[in-house]
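Asks: Listed here are the chains, written in short residue letters.
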Amino acid sequence: MADVISAPFQSGVAPVRQRNYLTEPKGIKSWLTTLDHKRIGIMYLVSVMVAFLVGGVFALLIRLTLLNPAHTVFGHKLIDAQTYNEVFTIHGVVMVFLFIIPSIPASLGNFVLPLLLGAKDVAFPRLNLASLYLYWTGGIMAVTAIVTGGVDTGWTFYTPYSTSTNTAVSLMAMGIFVAGFSSIFTGINFIATMHKLRAPGMGWFDMPLFCWSMYATSLMQVLATPVLAITLLLMVVERVFRIGIFDASLGGDPVLFQHFFWFYSHPAVYIMILPGMACISEIIPVFSRKTIFGYRMVAFSSLGIALISFLVWGHHMFVSGQSQTATVVFSFLTMLVAIPTAIKIWNWLATLFHGSISLETPMIYALSFLLLFTIGGLTGVYLAALSIDVHLTDTYFVVAHFHYVMMGGSVMAFLGALHYWWPKMTGRMYNERLGQIAAVIVFVGFNATFFPQFVMGGQGMPRRYYNYLPQFEPMHAFSTVGSWIIAAGLFLTLGYLLASLRKPYDAPSNPWGGKTMEWLTQSPPVTENFEGQPIATHGPYDFFPVGTH
Amino acid sequence: MSHNHSNLDAPTQPEAAELTESHGNAGRKYVFTLVALLILTGITVLVAQFDLGEANVAAAVLIATIKASIVALIFMHLLHDKPMNAVILCTAFTMLGLLFLFSFMDSSTRITPMPMNGMAPAGTDFNRSPTQTEPYLKVPPKEKQAPIATPR
Amino acid sequence: MSSITTPVEGQDPEAVAHAHHDPNLRHHFATAEQQFDTVKIGIWLFLATEILMFGGLFAGFAYMQNRFPEAFFLGHKHLQQGLGTLNTVVLLISSFTMVMAVHKAATNKRKQLIVYLCITIFCAFVFLGVKYIEYSTHYYECMLPGKYYCNPEDPTGHQFIFFSFYFMMTGLHGIHILLGIVALSWLLRRAIRGDFSSSYYNPVDAVGLYWHLVDIIWIYLFPLLYLIR
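Protein chains in written order, with this note's numbering: chain P, 1 to 549; chain H, 1 to 152; chain Y, 1 to 229.
Just chain P, with the same shape it has in the complex (with noise of 0.2 Å):
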């Protein structure tokens, strides 16, 4: 019971560890009755990925069908107006409730969290393993929705027509439904590992950064899916039984479904960036080799997004038909949570500033995302604005200003977590040099696609429409060969990490020299994640050099 593993900086120093959680026990059947958080994270990641593939190859679809305006290629028509409609509906709900939402916090974070805190598994793993067959059902009914007929109502399904129209919506409703669970699970364990399950030593400030963020992300998940889940029931009855709450013709009010949906889905879109934001936290300390800059600011901005986020709602209901007093009242507040975020923002700058900072992958996306987030975050703060969202609402702008916080944001952070636990998680190191390449790739074709959509919805171009008039043929051109360019560098990125997983163990316990307790085990951890109990002795990010401070 005495073992005392060393802690700091190995590099080249490869210890044994034939006997890790991917290699015991063996077998199907141990994988899918595991109660270990780290099995279940690399299940969560492999099904998230493969939702992302499903959800990309629906973006290609949907920016080759808009290549010109008669929606050939090579002369051939495409695809339909209808189908078209339900091409970037899937798009939405397979990116945003199969992918990004439980993205980060169910695959890294549930692999990452307890190794943070110094704890052997997660609160609740029988409930860990429940939320994972909770996400396959869901899943599995939302593509057989996607099969036997399709949904065409957009992501958010807005009534009337989403409770009359002759789409697979029900079923896909109640996919979604049962995947909601999957996610409060998830919340309800991660809150609860972070209340009672920290290593002796750390309180509440010795936390890394990572897990103040999940918990943030966790608070909202309780808080507002079941939100999400009554609507989708009320609209599931609405369509079966015409129970006159949300159709007009009834005496409903179709406004109220937006103020029931947007009750949740606007705390959701944090819950997209927050783990995002969680790994940048993370990242940015080691590759800088300087501890964070004001790490309760960032710790009480979590919580302040996470709170200010219930009250911003209808912000996306402007021109809805909720009342001139509520616009105002909701604009005035959507304004606020740009606080917060604002200050994350600096305080990441001034961990940078006088950093030692090296351009490995994990920093490159991390960078991007300092930028892209910015640049999303800010076009928010227009479109908060009432008198300009008025004219740029439902347009291409709107895509623009969501796509850079939520891929330039989310998915670059979730990609530069995903290289930076990639040794720790299958104790071999990727290509380096392809890594970077990918990641420059990956930034300029996300650059290429989505910066032409905020020019064309300045200049009117709505979205979700399949016609547009000739004059933004040529963005709409230049958009979908960056979409090209995202897909040469993500499906590069695929490529070399796969490759890597033929290699040997070849990573140390600790790569890039970090603090936090997860690279106090070896690479990749073994099933009880510690030999023994660690105890915080320093803080998460305490790159001082010997001597000072």
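The set of hints was computed from the structure by calculation and includes no laboratory data.
All of these numbers come straight from a predicted model, not from anything done at the bench.
A virtual CB, placed ideally from N, CA and C, is assigned to each residue, including glycine.
One should not assume that every hint holds.
[Unchecked claim] Here are the computed lysine to any residue pairs in the SDA-like style, where the Cα-Cα straight-line distance is at most 20 Å:
| # | chain 1 | residue 1 | chain 2 | residue 2 |
| --- | --- | --- | --- | --- |
| 1 | Y | LYS147 | P | PRO160 |
| 2 | Y | LYS77 | H | GLY27 |
| 3 | Y | LYS147 | P | VAL236 |
| 4 | Y | LYS147 | P | VAL237 |
| 5 | Y | LYS109 | H | GLY27 |
| 6 | Y | LYS147 | P | TYR161 |
| 7 | Y | LYS147 | P | SER249 |
| 8 | Y | LYS77 | H | ARG28 |
| 9 | Y | LYS109 | Y | ARG189 |
| 10 | P | LYS290 | P | ASP542 |
| 11 | Y | LYS147 | P | PRO254 |
| 12 | Y | LYS77 | H | GLU54 |
| 13 | Y | LYS77 | H | PHE50 |
| 14 | Y | LYS109 | H | ARG28 |
| 15 | Y | LYS111 | Y | TRP186 |
| 16 | Y | LYS147 | P | VAL240 |
| 17 | H | LYS82 | P | TRP204 |
| 18 | Y | LYS131 | Y | ILE181 |
| 19 | H | LYS82 | P | ARG198 |
| 20 | Y | LYS147 | P | ARG198 |
| 21 | H | LYS82 | Y | ILE41 |
| 22 | H | LYS82 | Y | PRO203 |
| 23 | H | LYS29 | Y | LYS109 |
[Claimed, not checked] Computed Cβ-Cβ distance ranges for the label pairs, DEER-style:
| # | chain 1 | residue 1 | chain 2 | residue 2 | range |
| --- | --- | --- | --- | --- | --- |
| 24 | Y | SER136 | H | PHE32 | 35 to 43 Å |
| 25 | H | VAL87 | Y | HIS27 | 22 to 30 Å |
| 26 | P | ASP542 | Y | ARG189 | 50 to 58 Å |
With chain P fixed as given, assemble chains H and Y onto it according to the hints.
Replies: Chains H and Y only, in chain P's frame:
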């Protein structure tokens, strides 16, 4: 946060104050609570028999909240528990309150008259801009009324 | 960070030592107390999600009642106040027996625990039985949700909305009662087997909290559906 148990057979799980009380005490406390709840139920039903207009709903919700609080504090042990659990409960109700608050803020400040029993009032003009401040309902000015025909 | 495994400050070494022999202690917890507190937090978080889910229904109900006050008033007159009151009393009694069951589990009174669990389950069945009677009445009077509503005495034309909400809210609540019966039966089986003692009664406590929440939801449902004016 942990107790020092020198006797390993003693309960290692702290269960409110009831464990250290004699069995009769806890049982009696719960019986009194049940009686209180039943009395409050009776009051709710009684108050509902009188027509107090708007106050009926308010009174019903108020009494229901008192009953719910009693169940939460005593039956669910929140009174003696660690405060985090009560924080969770209050946060949930707060968020719910936000949903109510903002939805009603919207519907109560719409200048379109709220359709009463499913119908917009007669004469409602739906074609005006929402930024105007005059009421939708246009009452024809008195001068334009046709003169009443009087028999010669 | 150095990692040395010694008993941690603030943790009772005897509790930690005892923990390693406790069959009910899951491996990632250091002590039974830590496990108990964690389960409590977990179940309260789950209850928070239930509050928000039902709360959404309440919000919808309030919104629609605001639009159609007459229809809702006339609709509620068709509900049987007496049966509703009876159900409220039955659930309150079941809440009492539930908390008594938790208390008996915590004080090693296995036989009384079993008795109280049985009474709780019985009350739950009574509740469902009364609800069945009510639903049958509505069925015969054709006061059904949404498009199936065909009761002729409806001057407002919108009573179906009230009944839609009535069936949705009591239906969802009824499903939770049913799930509660399943959970209580599972507890009963484990109690008979002798799984619970003063040192381990987490499941009884957890199901108890769930049951009380189901009761609280009914405490709000009853006046709003049956007693509004």
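Asks: If a hint holds in the structure, say so; if it doesn't, say that too.
Replies: Comparing the hints with the structure gives:
1. LYS147/Y with PRO160/P: holds (16 Å)
2. LYS77/Y with GLY27/H: violated (39 Å)
3. LYS147/Y with VAL236/P: Given that 20 Å is the threshold and the Cα spacing comes to 14 Å, the pair holds.
4. LYS147/Y with VAL237/P: holds (11 Å)
5. LYS109/Y with GLY27/H: holds (13 Å)
6. LYS147/Y with TYR161/P: Holds. LYS147/Y to TYR161/P sits at ~18 Å (cutoff 20 Å).
7. LYS147/Y with SER249/P: holds (13 Å)
8. LYS77/Y with ARG28/H: violated (38 Å)
9. LYS109/Y with ARG189/Y: The given pair, whose Cα atoms are some 15 Å apart, holds under the 20 Å limit.
10. LYS290/P with ASP542/P: holds (8 Å)
11. LYS147/Y with PRO254/P: holds (18 Å)
12. LYS77/Y with GLU54/H: Holds: LYS77/Y and GLU54/H sit about 17 Å apart, inside 20 Å.
13. LYS77/Y with PHE50/H: holds (14 Å)
14. LYS109/Y with ARG28/H: holds (17 Å)
15. LYS111/Y with TRP186/Y: Distance of about 16 Å is within 20 Å: holds.
16. LYS147/Y with VAL240/P: The given pair, whose Cα atoms are some 9 Å apart, holds under the 20 Å limit.
17. LYS82/H with TRP204/P: Roughly 17 Å between the alpha carbons, so the hint for LYS82/H and TRP204/P holds.
18. LYS131/Y with ILE181/Y: holds (15 Å)
19. LYS82/H with ARG198/P: Cα-Cα ~18 Å, so holds.
20. LYS147/Y with ARG198/P: violated (54 Å)
21. LYS82/H with ILE41/Y: OK: LYS82/H and ILE41/Y at ~9 Å, within 20 Å.
22. LYS82/H with PRO203/Y: At roughly 18 Å apart (the allowed maximum being 20 Å), PRO203/Y and LYS82/H satisfy the hint.
23. LYS29/H with LYS109/Y: holds (18 Å)
24. SER136/Y with PHE32/H: 35 to 43 Å: Hint holds: Cβ distance 37 Å, inside 35 to 43 Å.
25. VAL87/H with HIS27/Y: 22 to 30 Å: holds (29 Å)
26. ASP542/P with ARG189/Y: 50 to 58 Å: holds (52 Å)
Checked against the numbered hints above, the structure breaks hints 2, 8, 20 and satisfies the rest.
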